[in-house]
Amino acid sequence: MSKGRRIRASVAVAAAGALALSACTPPEEANGPGDEADDTQFLRLATGSTGGTYYPLGGEIAQLWSDHVDGVSVDSFPTGASVQNLRALEGETEDEEEGQIDQVELIMAVNGVAMQAQEGSGPFEDQPLENPDDIAFLGNIYPEVMQVVTLADSDIESIADLDGANVEIGPAGSGTEVAARDILNAYGIDPSEDINAFDSAFGDAATALGDGQVDAAFGILSVPAAGIEETSATNDVRILPIEGEEAEELQETDESYSLMDIEGGTYNGQDEDVTTLTQWASLYTTGSLDEDTAYELTRVMYEHADELGHAVGDQVQLDSALDGQGPMELHPGAERFYEEEGLL
Numbered sequence: 009m010s011k012g013r014r015i016r017a018s019v020a021v022a023a024a025g026a027l028a029l030s031a032c033t034p035p036e037e038a039n040g041p042g043d044e045a046d047d048t049q050f051l052r053l054a055t056g057s058t059g060g061t062y063y064p065l066g067g068e069i070a071q072l073w074s075d076h077v078d079g080v081s082v083d084s085f086p087t088g089a090s091v092q093n094l095r096a097l098e099g100e101t102e103d104e105e106e107g108q109i110d111q112v113e114l115i116m117a118v119n120g121v122a123m124q125a126q127e128g129s130g131p132f133e134d135q136p137l138e139n140p141d142d143i144a145f146l147g148n149i150y151p152e153v154m155q156v157v158t159l160a161d162s163d164i165e166s167i168a169d170l171d172g173a174n175v176e177i178g179p180a181g182s183g184t185e186v187a188a189r190d191i192l193n194a195y196g197i198d199p200s201e202d203i204n205a206f207d208s209a210f211g212d213a214a215t216a217l218g219d220g221q222v223d224a225a226f227g228i229l230s231v232p233a234a235g236i237e238e239t240s241a242t243n244d245v246r247i248l249p250i251e252g253e254e255a256e257e258l259q260e261t262d263e264s265y266s267l268m269d270i271e272g273g274t275y276n277g278q279d280e281d282v283t284t285l286t287q288w289a290s291l292y293t294t295g296s297l298d299e300d301t302a303y304e305l306t307r308v309m310y311e312h313a314d315e316l317g318h319a320v321g322d323q324v325q326l327d328s329a330l331d332g333q334g335p336m337e338l339h340p341g342a343e344r345f346y347e348e349e350g351l352l
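Take this note's numbering: the last position of the sequence shown gets the number 352, and nothing is skipped along the way.
Heads up, some of the hints might be wrong.
[Unchecked claim] Pairwise CB distance ranges, derived in the manner of DEER restraints: (1) G79 with P335: 31 to 39 Å; (2) D244 with Q111: 44 to 52 Å; (3) T58 with D298: 37 to 45 Å; (4) D47 with E253: 56 to 64 Å.
If you're looking for bench data, these hints aren't it; they were derived computationally from the structure.
We treat Cβ as the ideally placed atom computed from N, Cα and C, and that holds for glycine.
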């Protein structure tokens, strides 16, 4: 199988001032009686943890929508990411800062986890969604690249070498944890028995790796990943390849995966290109979102992507919007946009 899309790592880091996190003012406080803006549609976007990519990037996307979609105001908030967000489309979810959120119309999630939610497999096998077919796909945001990192001076040179190691596999229910278990199993490693598994968020996992507390860390992350950059500033790192028969097996069983190269020089100590797997950070809603709003949200995200200040903003590309869609149904509004753009 030939290597898939190549990604050129950018060293640009978004300035703190560019992270325009949206804040939704309650409707009763926003306008006085009779104000035309009383008809504003208020939507909420569930993102991810404050230390990851979803939260700051989701804040910028929410602001982009609020600025460019007439009659719409979008508020973003931090969550436990993919699994929690998919469940949030059906009911209440927990905001890390505000407590219970009663209604969520938009979410960010890893495409592979969304497919599992629809199929009732993986983390949804014991507690499936009530209406999994109501999940509607809007489009991809950026590549979610599986990066398995260890220190360059370690004896670990492949996924198979993780047998018996101390390994950070991601928070329970996260896209990282779901994919890490799949990958370890493909290499004949039982994550429940053959490794000492830890479940830190990647920022803490990278710190533990740098401090020598763990041997390796899995992370579904944008490229370059800030946590890996910080670790490689003081310790050369090695990115473990995921290729060959194991990668082919994973792609055959899960169509959300595709191959991607992380270019040599992306991190200190990683001098050669490394082939790994990527999924996609994608946007989902439900069929209850009206068609015109879904159309405008989709259109604005791609037509105004150049206004995003986040380091992965330039990876929001129309030509990859439908990669790895798999069996997920497009929202009719998004479908209309893609038809107009000649992608369908």
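Requested in this report: Against the structure, test the hints numbered earlier, and report the numbers of the ones violated in rising order.
Outcome: 3
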